[in-house]
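Asks: Full structure from sequences and hints, please.
These protein sequence lines map, in sequence, to chains A and B. Here the first sequence stands for residues 0 to 367, numbered as in numbering that gives the first Met the number 0. Here the second sequence stands for residues 0 to 266, numbered as in numbering that gives the first Met the number 0.
Source of the hints: derived by calculation from the structure; they are not laboratory data. Just so you know, these numbers come straight off a predicted model, no measurement behind them. Watch out, some of these pointers could steer you wrong.
As the list claims (entries may be wrong) - Sample of chain A residues facing chain B (criterion: CB under 7 angstroms; computed from the structure): (1) 70; (2) 85; (3) 87; (4) 97; (5) 100; (6) 103; (7) 105; (8) 124; (9) 125; (10) 128; (11) 130; (12) 131; (13) 170.
What the hints assert, rightly or not - Below 20 angstroms or equal to it, Euclidean Cα-Cα: the simulated DMTMM-like pairs (lysine to aspartate or glutamate) are: (14) A:52 with B:162; (15) A:222 with A:326; (16) A:52 with B:160; (17) A:52 with B:163; (18) B:178 with A:151; (19) A:222 with A:253; (20) B:178 with A:346; (21) A:222 with A:234.
Built from N, CA and C at the ideal position, the CB exists for glycine as well.
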Amino acid sequence: MSLVLDHVGLTVGQEVVINDVSLTFERGTMNVLLGPTLSGKTTLMRLMAGLDKLTAGTIHVHGKNVAGIPVRRRSVAMVYQQFVNYPSLTVYENIASPLRVAGLPKAEIEDRVTEASRVLRLDPFLDRLPAQLSGGQQQRTAIARALVKRAELVLLDEPLANLDYKLREELREELPRLFAESGTILVYATTEPAEALLLGGTTATLWQGRVTQIGATPLVYRKPANIDAARVFSDPPLNEMGVTKSASQVTLSDGRALTSDALLAGLPDGAYRIGFRVEDARIGPPTGATDAFPGVVSVTEISGSESFVHLDVGFATWVSLVLGVHDWQPGAAAEIRIDPRRVFVFDAAGLLLRAPEAMSVSPLAVMA
Amino acid sequence: MRIQGRGIAITIYLLALFLPIYWLLNMSFKTNGEIMSGLNFWPHHVTLRNYAHIFTDPAWYLGFVHSLTYVALNTVISVSLALPAAYAFSRYRFIGDKHLFFWLLSNLMAPTAVYAMPFFNLYYSIGLFDTVWAVALAHCLFNVPLAVWILEGFISGVPREIDETAALDGYSFPRFFIKIFLPLIANGIGVAAFFCFMFSWVEQLLATTLTTVHAKPIVAVMTRVYSAEGMDWGLLAAAGVLTMVPGAIVIWFVRNHIAKGFALGRV
Chain A
0 MSLVLDHVGL
10 TVGQEVVIND
20 VSLTFERGTM
30 NVLLGPTLSG
40 KTTLMRLMAG
50 LDKLTAGTIH
60 VHGKNVAGIP
70 VRRRSVAMVY
80 QQFVNYPSLT
90 VYENIASPLR
100 VAGLPKAEIE
110 DRVTEASRVL
120 RLDPFLDRLP
130 AQLSGGQQQR
140 TAIARALVKR
150 AELVLLDEPL
160 ANLDYKLREE
170 LREELPRLFA
180 ESGTILVYAT
190 TEPAEALLLG
200 GTTATLWQGR
210 VTQIGATPLV
220 YRKPANIDAA
230 RVFSDPPLNE
240 MGVTKSASQV
250 TLSDGRALTS
260 DALLAGLPDG
270 AYRIGFRVED
280 ARIGPPTGAT
290 DAFPGVVSVT
300 EISGSESFVH
310 LDVGFATWVS
320 LVLGVHDWQP
330 GAAAEIRIDP
340 RRVFVFDAAG
350 LLLRAPEAMS
360 VSPLAVMA
Chain B
0 MRIQGRGIAI
10 TIYLLALFLP
20 IYWLLNMSFK
30 TNGEIMSGLN
40 FWPHHVTLRN
50 YAHIFTDPAW
60 YLGFVHSLTY
70 VALNTVISVS
80 LALPAAYAFS
90 RYRFIGDKHL
100 FFWLLSNLMA
110 PTAVYAMPFF
120 NLYYSIGLFD
130 TVWAVALAHC
140 LFNVPLAVWI
150 LEGFISGVPR
160 EIDETAALDG
170 YSFPRFFIKI
180 FLPLIANGIG
190 VAAFFCFMFS
200 WVEQLLATTL
210 TTVHAKPIVA
220 VMTRVYSAEG
230 MDWGLLAAAG
240 VLTMVPGAIV
250 IWFVRNHIAK
260 GFALGRV
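Replies: Now the structure itself:
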């Protein structure tokens, strides 16, 4: 079983929603679609499910073009971001629904529903209506329905986005395991890079309806092929600056010259974009060091064990991640230092020229 | 103190509201002589003669039968025609969909009198004249658009993802529509049916124009109460009371649905 998207495109009116997407999914694999809101993840899934019709390209399942096959004859299950269940059916009937339609024997339905509801811890609620459940329970009902169907293709469209933190962590671990046993193609759309990394498998990054990179998830994270993929795979956003190198002199977009060309060492003259992740932006009190970027703190977000400090460095606002609760007051002077070994260098067209070396220790440990 | 003031206000309001209805009820239990003799706040000589007359004279009770028959037919036809139309208007985009939707509503804007003559001529020539079907079909003119308008609001309140999930689960469209979808818009169907019932029940012009003998509605019968002795007030009052009964029963059954319909803003 394999699912092949061949130059798939969707144009609505004048707008190109999905632009020339080619992907191959093998059975029993975990596939992550990673992209920001409106990047086309949901649309792409709807095309794969057959809910929307492509305007370009083909989709093949088992080498057979599925263009003419209606949704209800395809072996597809989908879980939406918003909790979608049949409001008038009990949880049991909701889960059993695809099996009832398929005309399975009663005992088999009973077995599968019991099994799924046990795994997703829904057994105490089987007689309730979806409206009587919490959001998390409703979404687990939807997931259970996708699970019992044992479809060849399971599409999970940000299934955990509307759940609370604890439940999200729990289900994120369980989901791949649940579906792994059935040898299904699991496609999981998410906006969160951290979620993609936790899920593993293969990641395709989406940006404005195009697939910007495909590869093993950790690899895409470490070596984004281009600046779009790097942006998609960075949360908070990638810190960036445009620089020009000419005769060993590196100049910023605002005309400031850097004292060394360490950031672009060994690269020919030309225009570049430099990007670095928040954990590699080391913030400290101003020292006046020549290789540092001084600025003014604009906001500090404190999330318990970590703080995100936003620093206005003049030509951009960069974000720095610091461990623990740090009280950088807005308006305070500070500077960010960048380790030249920890930056991504992209050429003028946005293609990756250089990525940081893989580290044996966590980036957070380096900072501490 | 405030509560008392409110209570008094409500009492006055209810008195004003029920006075005409009470007076009708009052009259229906009086003899014509008592009605004409002066001001009596309750019947001094209670009589059931008026009601007995209606329930024994076929000319009278068949009027109710005819009316109820075409109203029921019309309600069933209107709602079942409106359901697929409202679904299409809610779920699909097609050329001119918004214009068509508005055009449907514009049917409600023309006075019924405009349609009386063409309907009369049309039904007469195809042999539908003076049947309950004539009235039931003619009332679709305003009831189908109304039902489409009401149902479209309710259907649009059901997320499209439910339709899609059903398709993914393997439901065929008819099975999905009956098993999953109809229960979700039961309120809307209740509201639409109520309004179809009400408008068909109170409509007089088409109903009297399109019938003579065999399908004569109660409203037409009620205009024939003159006799040699003059107007039969008691009989007319009894007929009036009975005419309100079906409406009251229907309102009782759909009162909760109506409240939800108002909440959705389509009624």
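Asks: Now, for every hint given, state plainly whether the structure supports it.
Replies: Cross-check of the supplied hints:
1. 70: Because about 4 angstroms separates residue 70 (chain A) from the closest Cβ in chain B, which is inside the 7 angstroms limit, the hint holds.
2. 85: 6 angstroms, holds
3. 87: OK, holds: residue 87 (chain A) within 7 angstroms of chain B, min 4 angstroms.
4. 97: Hint on residue 97 (chain A): holds, closest Cβ of chain B at ~4 angstroms, below 7 angstroms.
5. 100: 4 angstroms, holds
6. 103: 11 angstroms, violated
7. 105: Violated. Min distance 17 angstroms.
8. 124: Hint on residue 124 (chain A): violated, closest Cβ of chain B at ~19 angstroms, above 7 angstroms.
9. 125: 18 angstroms, violated
10. 128: Cβ of residue 128 (chain A) sits 11 angstroms from chain B, so the hint is violated.
11. 130: The hint is violated - residue 130 (chain A) has no Cβ within 7 angstroms of chain B, the shortest such distance being about 12 angstroms.
12. 131: 16 angstroms, violated
13. 170: 19 angstroms, violated
14. A:52 with B:162: With Cα atoms ~16 angstroms apart, residue 52 (chain A) and residue 162 (chain B) stay inside 20 angstroms; holds.
15. A:222 with A:326: Outside the cut-off at roughly 33 angstroms; violated.
16. A:52 with B:160: 16 angstroms, holds
17. A:52 with B:163: At roughly 14 angstroms apart (the allowed maximum being 20 angstroms), residue 163 (chain B) and residue 52 (chain A) satisfy the hint.
18. B:178 with A:151: It is violated: about 26 angstroms lies between the C-alpha atoms, which goes past 20 angstroms.
19. A:222 with A:253: 28 angstroms, violated
20. B:178 with A:346: Roughly 58 angstroms between the alpha carbons, so the hint for residue 178 (chain B) and residue 346 (chain A) is violated.
21. A:222 with A:234: 16 angstroms, holds
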